[in-house]
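Residue numbers (the UniProt record's numbering), protein chains in the order written: chain A, 1 to 306; chain B, 1 to 212; chain C, 1 to 557.
I should point out that these hints are in silico values taken from the structure, not numbers from a laboratory. Take the hints with a grain of salt, since some may be wrong.
Derived DMTMM-like pairs: lysine to aspartate or glutamate, alpha-carbon spacing no greater than 20 Å straight-line [to be verified]:
no. : chain 1 : residue 1 : chain 2 : residue 2
1   : C       : 79        : B       : 26
2   : C       : 423       : B       : 187
3   : A       : 196       : C       : 383
4   : C       : 137       : A       : 5
5   : A       : 196       : B       : 187
6   : A       : 146       : B       : 26
7   : C       : 419       : C       : 219
8   : B       : 190       : A       : 204
9   : A       : 196       : C       : 392
10  : C       : 95        : A       : 204
11  : C       : 366       : A       : 170
12  : C       : 137       : A       : 8
13  : B       : 196       : C       : 388
14  : B       : 196       : C       : 57
15  : C       : 369       : A       : 170
16  : B       : 190       : C       : 388
17  : C       : 309       : A       : 8
18  : A       : 7         : C       : 311
19  : B       : 190       : A       : 205
20  : B       : 196       : A       : 205
21  : C       : 103       : A       : 5
22  : C       : 411       : C       : 465
23  : C       : 399       : A       : 170
24  : B       : 190       : C       : 15
25  : C       : 79        : B       : 34
26  : C       : 310       : A       : 8
27  : A       : 196       : C       : 428
28  : B       : 190       : C       : 428
29  : C       : 221       : C       : 460
30  : C       : 309       : A       : 5
31  : C       : 95        : A       : 170
32  : C       : 354       : C       : 505
33  : B       : 196       : C       : 15
34  : A       : 146       : C       : 57
35  : A       : 7         : C       : 139
36  : C       : 310       : A       : 5
Here are the chains, one letter per residue:
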Amino acid sequence: MYVFERKEIFFQTLHPVTLLLYILIMMIGTILTTNPFILMGFMTAVVFALIVAKSFKTWIRSLRMYGYMVIMLMTINLFINNMGATVLWVGPVVPVFGRISISLEAIIFGLVMGLRLFIIYSLFIFYNRVMDPDKALSVFSKVFPKSALLVALTTKTIPYMSQQLQSASEIQQCRGLQYYTGNHISRIKNRLPLIKVLLFSSLEDSFNLGESMQARAYGSGPRSCYYPLSFGGRDILVSFSSTMALLALVWSRMLGWTEITFYPKLGTSLTSKQHLYMIIVIGIFMILPVLVAWGWEKWDYLKLKI
Amino acid sequence: MLSTHWSLFSLVIVSASLVIIYLWYDRKAGSTKEIALIATLAAFAGLSRVPFAAIPSLQPTTFLVLISGYVFGAGPGFMVGSLAAFVSNLFLGHGPWTPWQMMAWGLVGLSGGILGRWKWKYANLSLLILSFMWGLFFGWILNIWHWLTFVYPLTLKSFIAVQLTSIWFDLIHASGNVFFMYFLGADLIKILHRFKRRLTVSSLSVQELERS
Amino acid sequence: MGLFEIKNLTYFYPDREKPALDKVNLQVEEGEFIFLIGASGCGKSSLLRAMAGLLPDYYGGKIGGGVHYSGSSLGKWDKNQLAREVGMIFQDPEKQIVMTGVKQEIAFGLENINIPYQEMRRRIAEVLALFGISSLKDENTFHLSGGQKQKVVLASVLAMHPKVLLLDEPTSQLDPLAAQEFLNYVQRLNMEWGLTVILVEQRIDRCFHLADRIIFMEDGKVLHSETPRKTVEWAAEKHPQYIPPVSQFFSKWRRENIPLTIKEGRAVLNGMAVKEWINPYKEERNSIEATGNAIEILKLSNVYTTYNKKDFVLKKVNLHLWKNSITVILGENGAGKSTLLKTIVGLLKSVKGKIEYRGKDITHLKPEKIAAHIGYLSQNPNDYLFHDTVEEEIFFNLKVRGEKDDKRVEKILDLLKLKDKRKMNPRDLSGGERQRVALGTVLVTNPEILLLDEPTRGLDVVLKDELGETLQVIKHQGTSILMVTHDVEFAAEISDSVMIMAEGEIIADGKKREVLANSLYYAPQINRLFKGINDQVLNIEESIQVINKIIEQAAIG
Ligand SMILES: Nc1ncnc2c1ncn2[C@@H]1O[C@H](COP(=O)(O)OP(=O)(O)OP(=O)(O)O)[C@@H](O)[C@H]1O
Ligand SMILES: Nc1ncnc2c1ncn2[C@@H]1O[C@H](COP(=O)(O)OP(=O)(O)OP(=O)(O)O)[C@@H](O)[C@H]1O
Ligand SMILES: [Mg+2]
Ligand SMILES: [Mg+2]
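Extracted from the complex, chain A is given alone in its bound form (with noise of 0.2 Å):
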């Protein structure tokens, strides 16, 4: 479940722009990606991020879940595409869809668009780690003062309503009523009326907390910022090496060098030595944040320097 928990990490001491600003680079890098070196190296990125961020253990269990949805959409892919010139298997005919065939290209496209997907829920997770709501709530309501609430009040709901749920479901047995004991189906009708009671539970609440949020003055003028909201030394070099990472991406893409052709037939993913290089490059100032990040868990003199 996503409940926030705020830990001794390099990231989340991070001013909340500069790790949007991470997190938005990689993704819109993946969205404008296929090249599969690029991909790889954001991979890589990603992953040594979420270990730095000590939640390695939760991305592998969301792996499950997404794996699954990852693997739905390559075999989508699969059938739909008979375009691949490399065809490997020839099956049989289909309403609709016609021949279902398999090609080589096929299969490199799924896998391809497959790590894309992969990516991007990890940079999720990595978000979800990372960004601490209470921080970004009050940054981001300087800007948009009711979009942000809006926004903040429903994620701040979710652990709300999870507690919620679990001490109703507490007390409800402490009242003798069986959750995990009993037959099947009386198990399913003892939680039934719990779907009511969380809805209306949760508006109750959202009242209340509106209510009491009012009389605390919110949004009663201009706003100040519990957060010394200054840009400090690590927020310039993640910044820093995200912006050249981008700059790097933007020119990457316009000499044709993220993307690679799938069909008919696979193109080249490595073109020339300068392509290798930038690619060498994209990869160094994506992963660079996580360095320094590792470096400053490490090394107590690096906590005190930046």
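Use these hints to put chains B and C with the ligands onto chain A, whose structure you have.
Showing chains B and C with the ligands alone in chain A's frame:
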């Protein structure tokens, strides 16, 4: 060459229109209580998708968004729908399809609001019909993105093929909506109305004061 | 011209026939300290909400008449501007925490009124220190105990330095020391900084003498509004429970100049004290202290519990509960009292140690199995409200046990004075009424053991007395009761034995007189009044007995 152009372009269009709607909302939106209400409904509708994730397209979200719009109006309905998409994807995976879902569910809420305003006696029936229709439309809107991003070439034939591939899912979605609407609709609409009542204040006149 | 002018304020909650506020007329001067009392459900919270400008907005319904603040009608005030001047603390702390971090929660209000960063840090440090919760500043607000939550909520409003403070039962979950400190602080703010205070509290002994004016409400109307001294004389006849125990005691003897505080009371007592009458009551002790047959019904040995797998919240807890007895657990906020109850009912698993019920090991039983023998009331009554009406809510506990006896529900509704609320949605009730519904759901099944976590929260004095009597009755019918409370008067009234917890350990355990009498924190007011005269007296009845003895002896002698 590849679909990333179209994918990105369409994404930008959809995102931009969402941003515009949110900006508009930011300027006009009502009090904290309204915001709190929308936020909660959205979180609720979004979360309700999670336990059903194992069965694709069977989820109560569409239904919840629809009745939210129906009770609270088109504007709040849109916000609830689009935020619900955002929220649920925190769990089910965000991706470039998020804006499409936000738009589609936003429209679901909007249509609910229109239906709610246009009062007539077959409200229950029309809610059932609308929820069925949205099961299909929703899939079609999302497929546009699918088609643009993951499919090559972009031809009418492939478009129809994509739409057809999802027909089973869409039918499941549609009948799920009808199921939820039939069994839970009345109860939940009652609850929502109760909170709507809490938003409306009337003042007592002097005579009424005297009488009480 | 007063700071607040309330004229003919009448208010109906949506779909209610009876007004929650009925033509209230009231004037509050700047710098006044008002203590608002009245039975549960009489409209105290509603009045405070109306004064904070929140009433029709968040509740709907019909409103008539008006509230003027600082010369202009609340309707004309920008609500948010108003919030900068009028700070309000609601009845349930659980329902008003906005942020996930403690520091952030306190900062939230400050951010809203645009306090610069440096200043904000100072204020946060100040209020954290004031409430003694500096060590919690990095905690998640979900992981706090009930009292700690209340402290955070109080801190977050006080940090904003409002001009007017509206307090709705602010100390309902604080331990006696913290409550006293908070009230002292509010008094100081009132005296030294001119803060206007309107306070609702059920713990009358703590607040009565602090106020400039006492307002007594009944059924949505203001019945009486006078200085404490005059109120005591007025209430001594009609509503004797609504005055402090000291005054209650003296009002039995005199009609005028009734003492309000212990200091005044002792002056009177000393005036009439003859040295010999000091301990006539000591021989009597055993007869009052009769605790009966010793069937052990629940036993905890060396129980350890943890939330985060690092620190133990309960450490080496040993506890015995005897049949036909009431045991009360007292202790500071965050000591682990609620955790102890949750461990017994199986919501938390003890990592070490053993829990036995009638000699049977129940340490690893599921909560719903344990529920067959043990009834449990949690600290937050809102967790109990699921159904559409009050009676369904109470009947539910019978239904899951396959029973159909409606008479029991009837009896409980009668007992808890909920008859006229039976068809209402339990969530539409006042704080005290909700507490009673939750209590009803537990009482209706007649369990063998009752665990109650702060059952008197939100109950007015009359209801509290009645609850006490009820508990005595079911005790004699064979139920053992283990109760957590911060209300020492209530504990002194009904308990047989008392335990004190601190930092997860039980540090005192004994007969109530051994533990409570002369305790620095936990001595009831009457005990303090009689200190040096008769140290064993705990409540008014006993004190009257003592005095009667003296008079008797004097007659003989
Ligand atoms: N949200 C609500 N909707 C409908 N009725 C309500 C609501 N809140 C309170 N009431 C009713 O209004 C009356 C006054 O409630 P209020 O909360 O002001 O009482 P109170 O004096 O604060 O009581 P307590 O001491 O128990 O908190 C009660 O009879 C209660 O049932
Ligand atoms: N869910 C939780 N997760 C982590 N820590 C918790 C949790 N609940 C309580 N605690 C911590 O355990 C300690 C004991 O809490 P508990 O609720 O038992 O206190 P309590 O004695 O009932 O206090 P109060 O009088 O304030 O209700 C507190 O320090 C609290 O912060
Ligand atoms: Mg109240
Ligand atoms: Mg507690």
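Evaluation of the provided hints:
As the CA atoms of residue 79(C) and residue 26(B) are separated by approximately 19 Å, the hinted pair is consistent with the 20 Å bound. Restraint check for residue 423(C) and residue 187(B): the C-alpha separation of about 18 Å stays at or below 20 Å, so the hint holds. A C-alpha spacing of about 14 Å is found between residue 196(A) and residue 383(C), which places the hinted pair at or below 20 Å, so the restraint holds. For the given pair, residue 137(C) sits about 14 Å from residue 5(A) by alpha-carbon distance, which is consistent with the 20 Å threshold.
At most 20 Å may separate the alpha-carbon atoms for a hinted pair to count; residue 196(A) and residue 187(B) meet this at roughly 8 Å. Distance restraint check for residue 146(A) and residue 26(B): the Cα-Cα separation of roughly 5 Å lies within the 20 Å cut-off, and the hinted pair is therefore satisfied. Distance check on the hinted pair: residue 419(C) and residue 219(C) sit about 16 Å apart at the alpha-carbon level, within 20 Å; holds. Simply put, residue 190(B) and residue 204(A) have alpha-carbon atoms about 14 Å apart, close enough for the 20 Å limit, and the pair holds.
Annotation: proposed proximity of residue 196(A) to residue 392(C) holds, straight-line Cα distance about 15 Å (limit 20 Å). A threshold of 20 Å between alpha carbons decides the hint, and for residue 95(C) with residue 204(A) the separation of about 9 Å falls inside it, so the pair holds. A threshold of 20 Å between alpha carbons decides the hint, and for residue 366(C) with residue 170(A) the separation of about 11 Å falls inside it, so the pair holds. Under the criterion of a C-alpha separation no larger than 20 Å, the hint pairing residue 137(C) with residue 8(A) is consistent with the structure, at around 15 Å.
For the hint pairing residue 196(B) with residue 388(C), the CA-to-CA distance comes to about 17 Å; that is within 20 Å, so the pair holds. Taking the CA atoms of residue 196(B) and residue 57(C), the gap is about 12 Å. The hint holds against a cut of 20 Å. For the suggested pair residue 369(C) and residue 170(A), the alpha carbons sit about 13 Å apart, so the restraint of at most 20 Å is met. Distance check on the hinted pair: residue 190(B) and residue 388(C) sit about 12 Å apart at the alpha-carbon level, within 20 Å; holds.
A distance of roughly 19 Å separates the Cα atoms of residue 309(C) and residue 8(A); the hinted pair therefore holds under the 20 Å criterion. Taking the CA atoms of residue 7(A) and residue 311(C), the gap is near 17 Å; set against the 20 Å cutoff, the hint holds. Of the supplied pair hints, the one linking residue 190(B) and residue 205(A) holds, its CA atoms being roughly 18 Å apart against a limit of 20 Å. A hinted pair counts as satisfied when its Cα atoms are at most 20 Å apart, and residue 196(B) with residue 205(A) qualifies at roughly 15 Å.
A threshold of 20 Å between alpha carbons decides the hint, and for residue 103(C) with residue 5(A) the separation of about 14 Å falls inside it, so the pair holds. Note on residue 411(C) and residue 465(C): the hinted pairing holds, with a Cα-Cα distance of about 18 Å set against a maximum of 20 Å. With a CA separation close to 18 Å, the supplied pair residue 399(C) and residue 170(A) stays within the 20 Å bound. Restraint check for residue 190(B) and residue 15(C): satisfied, since their Cα atoms lie roughly 14 Å apart, inside the 20 Å limit.
The suggested pairing of residue 79(C) with residue 34(B) holds, with an alpha-carbon distance near 15 Å, which does not exceed 20 Å. Under the criterion of a C-alpha separation no larger than 20 Å, the hint pairing residue 310(C) with residue 8(A) is consistent with the structure, at around 17 Å. Between the alpha carbons of residue 196(A) and residue 428(C) the distance comes to roughly 16 Å, so the proposed pair stays at or under 20 Å and holds. Distance hint between residue 190(B) and residue 428(C) is fulfilled; the C-alpha atoms sit about 15 Å from each other, no more than 20 Å.
A hinted pair counts as satisfied when its Cα atoms are at most 20 Å apart, and residue 221(C) with residue 460(C) qualifies at roughly 17 Å. For the suggested pair residue 309(C) and residue 5(A), the alpha carbons sit about 16 Å apart, so the restraint of at most 20 Å is met. With a CA separation close to 19 Å, the supplied pair residue 95(C) and residue 170(A) stays within the 20 Å bound. For the hint pairing residue 354(C) with residue 505(C), the CA-to-CA distance comes to about 16 Å; that is within 20 Å, so the pair holds.
Distance hint between residue 196(B) and residue 15(C) is fulfilled; the C-alpha atoms sit about 13 Å from each other, no more than 20 Å. For a cut-off of 20 Å, the pair hint linking residue 146(A) to residue 57(C) stands: about 18 Å separates their Cα positions. Simply put, residue 7(A) and residue 139(C) have alpha-carbon atoms about 11 Å apart, close enough for the 20 Å limit, and the pair holds. Proximity of residue 310(C) to residue 5(A) is assessed by CA-CA distance (about 16 Å); at most 20 Å being required, the pair is judged to hold.
This entry satisfies every hint, going by the numbered hints stated previously.
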